[in-house]
Structure formats: structure tokens, C-alpha cells
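Chain by chain, the residues:
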Amino acid sequence: MDLSFGPEYEAFRAEVREFLNDHGDKAPRNAALKSDELISWQKRLIEHGYTARTIPEAYGGFGAEPDIIKSRIIAEEFADARVNSGMGGQGISMLVPTLLEVGTEAQKLEFIKPTIHGEMVWCQGYSEPGAGSDLASLKTRAELDGDEWVVNGQKIWTSTAHLADWIFCLVRTEPDAPKHKGISFLLFSMDTPGIEVRPLVDMTGVANFNETFFTDVRVPKQQIVGNRGDGWLVANAILGHERDSLGDPNVTLTRLNALTELMKTETVNGERMIDNPVYRDRLMQIQGRVMAMRFNELRILSSRINEGQDAKLARMVTKLQGTELRHDLEGLAIDIMGEVGLSYEDNPYTRGAGSWQSQYMFFLGLIIGGGTSQIQKNIISERGLDMPKEPKFEMGAL
Amino acid sequence: MQFGLSEEQVLLQDNVARFLTDNVPLDAVRAYADGGDDATIWQGLSELGVAALLIPEEAGGIGLTPLDAAIVAECLGYNTAPAPYLGSAVMAPTALAASGGDHTELLGELAAGSKRIGIAFGEAIGRRNDAGVTVAGASLDGKALFAFDDAADAYLVASNDKALYLVDADAAGIKPLTTIDKSRRTVELTFDGSSATQISDDPEVFNTTLDIGRVMLAADTLGAAQNMIDKAVDYAKEREQFNRPIGSFQAVKHMCAEMAAGLEPCRAMVWFAAHALAELPDEARLTACHTKAHLAEVGKFVAKTATEVHGGMGFTDLLGLHYWFKRCGANRQWLGAPELVRDEAAALQGLA
Chain A
9 MDLSFGPEYE AFRAEVREFL NDHGDKAPRN AALKSDELIS WQKRLIEHGY
59 TARTIPEAYG GFGAEPDIIK SRIIAEEFAD ARVNSGMGGQ GISMLVPTLL
109 EVGTEAQKLE FIKPTIHGEM VWCQGYSEPG AGSDLASLKT RAELDGDEWV
159 VNGQKIWTST AHLADWIFCL VRTEPDAPKH KGISFLLFSM DTPGIEVRPL
209 VDMTGVANFN ETFFTDVRVP KQQIVGNRGD GWLVANAILG HERDSLGDPN
259 VTLTRLNALT ELMKTETVNG ERMIDNPVYR DRLMQIQGRV MAMRFNELRI
309 LSSRINEGQD AKLARMVTKL QGTELRHDLE GLAIDIMGEV GLSYEDNPYT
359 RGAGSWQSQY MFFLGLIIGG GTSQIQKNII SERGLDMPKE PKFEMGAL
Chain B
533 MQFGLSEEQV LLQDNVARFL TDNVPLDAVR AYADGGDDAT IWQGLSELGV
583 AALLIPEEAG GIGLTPLDAA IVAECLGYNT APAPYLGSAV MAPTALAASG
633 GDHTELLGEL AAGSKRIGIA FGEAIGRRND AGVTVAGASL DGKALFAFDD
683 AADAYLVASN DKALYLVDAD AAGIKPLTTI DKSRRTVELT FDGSSATQIS
733 DDPEVFNTTL DIGRVMLAAD TLGAAQNMID KAVDYAKERE QFNRPIGSFQ
783 AVKHMCAEMA AGLEPCRAMV WFAAHALAEL PDEARLTACH TKAHLAEVGK
833 FVAKTATEVH GGMGFTDLLG LHYWFKRCGA NRQWLGAPEL VRDEAAALQG
883 LA
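Chains A and B, in that order, are what the protein sequence lines are. Residues in the first sequence are numbered consecutively from 9, following this note's numbering. Residues in the second sequence are numbered consecutively from 533, following this note's numbering.
Just so you know, the hints here were simulated from the structure itself, not pulled from any lab data. Heads up, some of the hints might be wrong.
[Unchecked claim] Heads up, simulated BS3-like pairs for lysine-lysine below, C-alpha to C-alpha not over 30 Å straight-line:
id: 1; chain 1: B; residue 1: 707; chain 2: B; residue 2: 858
id: 2; chain 1: B; residue 1: 694; chain 2: B; residue 2: 836
id: 3; chain 1: B; residue 1: 832; chain 2: A; residue 2: 320
id: 4; chain 1: A; residue 1: 397; chain 2: A; residue 2: 187
id: 5; chain 1: A; residue 1: 397; chain 2: B; residue 2: 763
id: 6; chain 1: B; residue 1: 647; chain 2: B; residue 2: 836
id: 7; chain 1: A; residue 1: 400; chain 2: B; residue 2: 769
id: 8; chain 1: B; residue 1: 769; chain 2: A; residue 2: 397
id: 9; chain 1: B; residue 1: 647; chain 2: A; residue 2: 397
id: 10; chain 1: A; residue 1: 320; chain 2: B; residue 2: 769
id: 11; chain 1: B; residue 1: 647; chain 2: B; residue 2: 832
[Said to hold, decoys possible] Not everything, but these chain B residues come out facing chain A in the computed CB check (under 7 Å):
id: 12; residue: 709
id: 13; residue: 711
id: 14; residue: 800
Don't be surprised by glycine CBs; every beta carbon is placed ideally from N, CA and C.
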């Protein structure tokens with residue numbers, strides 16, 4: 009057991025802290041997508057290597073060698089300072105790693121730089137009304153007509169589709185092949201004729217999701233990532249990537265600290281909530297769970313830099329545990345406020361700009377999204393504990 | 533940076549696990565539960581070096597770390613092994629070393645496994661009924677409940693105000709206290725001007741000893757709960773109903789996934805807490821409290837759920853699963869129930 013990162017990394021940490029100290033106040037908070045403010049901050053982060061760190065310079069990145077510890081130090085320090093650590097979104101977190109893995113050189117040159125600089129915003133066209141947990145049953149089809157794919161069908165849960173410039177989309181190109189082998193991965197502009205985006209208001213009151221309809225949308229033939237019929241493999245390579253990033257214990261720790269502060273200031277009948285033993289015990293229970301997940305994360309990190317250390321199961325449980333924990337944490341904040349915890353939007357009694365309420369609901373969304381908790385439990389039991397799969401029934405067999 | 537067990541630690545784990553698999557199968561646990569003793573088991577473990585693990589080399593020990601000790605505790609929990617490990621090999625040596633006094637001879641006897649020291653800490657953590665231990669000069673008065681174990685040569689007794697005393701078993705009245713956990717035994721100690729040797733009146737010595745005790749109980753639960761998950765998963769793969777293994781039903785496999793998802797992060801937590809005891813003094817006490825409390829909660833969940841996965845068989849004595857269920861239950865209450873320990877955690881942070 010050796011928890012020190014060594015002098016080289018401590019020097020790097022000091023460097024990150026100095027940057028945050030000097031520039032942290034320039035970081036945007038709640039800036040709109042593609043706003044000048046956000047784009048210039050993103051540029052500054054890339055120049056210093058604090059985001060898009062390992063993406064080659066040829067594609068607009070910082071071009072550093074992958075270094076898991078440095079990435080972690082950056083994440084820790086930005087979370088600790090509560091400074092915007094760069095743009096997220098599905099283009100940056102999912103499409104770019106995919107293109108780096110399986111894209112053509114032309115695709116890398118065309119798409120990666122504007123994406124990581126926040127100038128090209130993407131949405132993800134995966135789920136459909138009839139294809140959620142069983143994503144591979146998707147029905148949106150694309151047929152080759154000369155040099156173009158012709159796309160018809162419907163997607164759902166397309167986050168930011170109303171703001172996105174482009175979409176990466178799973179479509180069925182081989183209708184006669186088995187369901188996992190008939191899918192292709194296409195990229196196309198959201199300005200293409202035949203696309204209709206209808207907002208889908210979620211429980212937080214925000215319309216970040218959409219339903220997206222395609223009617224004879226014509227896509228140039230070469231805008232496919234990977235081969236025809238390999239779309240499932242292309243998409244799966246990054247689904248794992250998405251799960252890893254949900255419920256980050258460093259962010260959860262930041263929220264726990266904010267909750268503790270909240271409990272020191274909120275009162276009922278003049279008594280601070282932190283002084284109420286029932287609520288305090290709930291806080292301590294959450295603190296214990298956060299601790300367990302932080303140490304679990306250290307173990308996972310260690311397994312990535314040390315040969316022969318197995319942390320497979322530790323990794324498999326992070327999405328399930330991390331999102332449920334965050335939901336419980338945000339829910340406790342609401343409970344300690346009682347009726348005040350119901351305040352939302354323009355209510356003058358709202359605390360933390362309504363973040364406790366919106367995060368409480370948002371994390372319920374994350375419990376469901378990115379592979380529901382139930383799908384996670386299937387994965388943990390079948391791949392982690394080697395338990396038998398649910399027998400598959402063919403339609404009409406019953 | 534390396535967060536995990538070293539090669540030597542994996543080797544230690546393998547050795548202790550192999551010994552326990554060979555020498556403490558369920559039948560041996562049953563024999564102990566039926567009134568047998570644990571002398572042979574403790575002798576075998578002592579020959580492996582388990583009794584000497586934490587004792588400094590100059591006192592005849594091996595001088596390993598609390599993390600090594602936690603690895604052994606996990607193995608003992610995995611096998612619900614009867615052994616005086618918590619008192620004789622962990623808490624007593626820790627208190628003796630932390631006291632600053634010269635206890636070389638006693639430590640040597642503990643290291644050899646030829647002497648057993650039990651622990652009576654309950655009255656300094658949370659007094660129940662009319663129990664309590666007071667001090668008058670060099671003697672103790674009062675009563676200590678649920679002291680562990682029943683075959684100790686002497687007891688390390690914490691007075692109400694957290695001073696530590698060593699009392700010969702002969703100098704105290706000893707009455708067995710039957711509990712649900714038959715894999716370890718507890719007693720009631722009665723003191724009536726019983727002559728005692730002060731080990732330390734510094735509450736920090738008491739606290740340091742308590743911290744390591746709590747982490748060991750958490751590690752014991754980690755092992756016991758892991759075994760229950762392993763058994764539940766194996767059973768669910770074999771047992772068939774409706775012409776399929778019950779483990780293929782999501783209702784059952786999700787129970788197993790929930791257990792694994794709860795327990796797996798506990799492994800890292802126990803490692804960290806044990807490591808912190810020796811290396812991170814600022815974090816040691818808080819992580820010990822949280823680890824004790826969190827493992828108590830996860831252990832309780834796993835104990836219940838794994839039993840349910842076994843259906844009616846889980847409820848019987850035939851499988852003996854209840855020994856693990858009760859082991860987790862006892863670990864939860866010993867040295868501070870989770871609510872009390874979390875209250876300490878809050879106080880440590882100035883929140884209570």
C-alpha cells in the first residue's frame with residue numbers, strides 16, 4: 009500500500025493549483041453552449057493541457073502521453089476548487105474517443121478539433137421508443153441509394169439535439185442480419201433536410217431531451233464510422249466509457265461538503281439541522297458511503313497503473329452505487345430543509361439556486377440513463393458473478 | 533502509487549486461508565459451538581505466526597502492520613473461525629505497545645500463543661444495565677459485560693473513564709454470557725476490589741486500541757459477508773425451480789448483484805482504514821469509525837439477503853449459514869453499534 013504519487017506528481021499538482029489560483033475566477037459558470045465565454049475557457053484549458061489532454065496536437069488537442077495519475081490530479085483539483093473543468097457533452101466524452109479508436113484519418117481531422125474546442129456540438133442518436141435497455145433492437149433504418157444513405161425512423165432521449173450541429177447515430181443497414189450485426193454508426197449534420205426535433209420536457213422542468221424524427225435524410229456514404237454492420241461494436245466501445253464517468257466520487261465529495269455546510273446553516277425552531285441527531289446520523293451514513301466509493305475509486309486507479317491487480321468487480325459497481333448514492337445525498341439535503349426543500353425556480357426561499365432539487369431529480373435520470381440500475385445488476389451478476397443469463401424467448405414461442 | 537495488497541500480503545492471505553480451509557471447516561465451528569474449545573485452532577494459527585503478527589520483532593513478534601492484521605481478520609470471518617484473535621493478537625498487543633511501558637515478557641507470551649488476553653471495553657463505549665468499571669487505587673470494582681473471550685488468562689479492562697487495566701482471570705468473577713454468535717464466546721466479569729495493573733490512563737491509548745479493534749471487526753464482517761455472497765451465488769446456480777437455475781431469474785440475480793455492489797467497495801474501505809491506522813494518523817480514527825459502521829450496515833444487508841437467496845434451506849441448521857449471519861450480527865454490536873460509532877464520527881469532525 010503506497011498512497012503517495014511521488015514528487016513529480018506533487019509538483020504537477022502544485023502547477024494545477026497555481027493555474028486554478030491565477031485563472032479560476034475566469035471560469036464560466038452556467039454559460040450557454042457555444043458562448044464565447046465557454047469557448048475561450050475551453051481553449052485556455054486545452055492550451056494548458058487540463059482538458060483534451062491526450063488528444064494529439066494534429067487533431068487540436070494538447071498531445072500529452074496518457075497519464076492516469078495526472079488526469080486524476082486535474083480532476084481532483086478542479087473539483088476541489090469548484091472550477092469548470094472543461095466542456096463535457098456526448099461529442100467530447102463519447103464520439104471523440106470513438107473516432108480516435110476507429111475513425112478514418114479524414115474523419116479525425118474533420119471532426120475532432122472543432123468538437124473539443126466546443127465549436128461543433130453533437131447529440132447521440134441511440135435509443136428509440138422501442139429500443140431502450142434492448143438497444144440492439146433499434147429500427148431506424150438507412151438504405152444505400154447511390155452515394156448516399158437514406159435514413160428513416162425515430163430516436164428518443166437525444167440530449168441537446170435542439171442545439172447540436174451534428175449527430176452520431178445508430179441505424180439498421182442490414183435488415184436481414186442478426187440484430188447485433190445489422191447496425192451501422194453514421195455521422196450527419198443536424199441541418200440536413202428531413203430532420204425534425206421535438207423537445208421532451210423532463211421532470212426537472214428542462215427540455216434537454218428531445219424526440220428526433222428522420223424522414224428521407226440523405227447522408228453522404230463515407231460518413232460512416234467503422235464498417236457496415238459493425239455499428240454495435242463501435243457503439244459498445246464507448247458505452248463502457250460513459251458508465252465509468254457517471255457518479256464520480258470526487259464530485260460526490262464536493263456535494264457532501266456542501267451538504268454539511270447547508271446543515272450548519274439551516275435551522276428548525278432555531279436549532280441547526282446538524283445538531284439534530286436524526287438528520288446528523290443520516291449525514292454520517294452518507295459520509296461513510298462516500299468514503300467507501302472514494303477508496304473503491306483509488307483501488308480502480310491503482311489497478312490501471314499496476315500490473316496484476318484485479319478490480320473488475322470494483323469497476324462494475326461504480327455506476328450503480330455512485331448514482332444511487334448521489335441521489336440519496338441530494339435527497340437528504342431536501343429532507344433537512346423540509347417544506348423549504350420544495351422551493352424551486354423563482355421561489356425566494358430556494359437554497360443553492362435550486363441545485364439540490366434539480367440534482368436530486370437529475371440523478372434519478374442518471375440511475376435510469378446510461379444503462380439502468382437493473383441493467384447494471386444484470387451486468388454485475390452475469391459478468392461479475394458468473395450467474396446464468398435470463399433465457400431468451402423468441403417471439404411466438406410462448 | 534499502489535492501493536492494494538502487496539505480493540507478501542497476498543501470500544499471507546493465501547496461507548491463512550488455506551490453514552482455515554483445512555483446519556476449520558464448518559464441522560469444527562459446530563464442534564466449538566457445541567462446547568468444544570479453540571485451543572488447537574489457536575495453536576495452529578500461532579504456529580503460522582498469526583498471534584505474533586503485530587508484536588514488534590524485539591519482543592518476539594513479526595512486526596507486521598494493521599493491514600496485514602486486517603487480512604487475517606477477513607480470513608477468520610470468512611471461515612467464522614473461533615479464535616481469540618481480536619483480543620490476544622490485535623487489541624492487547626496494540627494497547628501494550630501504545631502504553632509506552634515495558635511489556636516485553638508479556639508480548640513474547642502473546643506472540644507465542646501461550647498466553648491469551650481478553651478484552652472488556654464495552655463499559656467505556658456504552659454502559660448497559662448496571663454495568664460499569666471503577667478504579668480504587670490498584671484495584672477494580674464493578675462489572676463488565678460481554679468481555680471477549682471465555683478462555684483468557686487475563687483481561688484488558690477499560691474503566692468507565694477509559695483507563696486500561698490488566699486483570700488476571702483468577703482475580704475476577706467470570707460468568708459465561710451466551711449470545712447468538714456461537715463461533716466466539718463472551719463472559720461477564722465481576723470485580724470486587726480485584727487487583728489490577730494499570731496499563732495506561734491516557735484515553736488516547738484506549739482510543740488507538742479501540743480503532744484497530746473496530747477495523748478488525750469490519751474486516752471480519754468483510755470476510756463473513758463475502759463468504760455468504762459466494763455461497764448464495766453457488767446455491768443460486770445449482771438450485772433449480774421451474775426447470776431453470778434460480779440464479780437465472782432476475783429477482784434472484786439482482787439480490788446477488790446488490791450484495792456484491794454493496795460489499796465490493798467495502799474491501800477498499802477496510803484496506804484504507806487499516807492502512808490509515810499506521811500511516812495516516814489524521815484520518816485513522818474517522819475512517820475506523822466509518823468503516824466499522826458501514827461494514828455493519830452492508831454486513832447486515834448481505835446476511836439477510838444471502839439467507840433469503842437460499843430459501844428455506846437458509847433458515848435451517850443443515851447448511852450452517854446462520855453461523856455467518858450471526859457473526860455479522862455480533863460484529864455489528866461489538867465495540868459500538870453503528871449509530872453510536874457514527875455519532876463519534878460526527879463528534880470527531882466537530883459536528884456533534
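Enumerated hints in conflict with the structure, sorted upward
2, 6, 9, 11, 12 and 13
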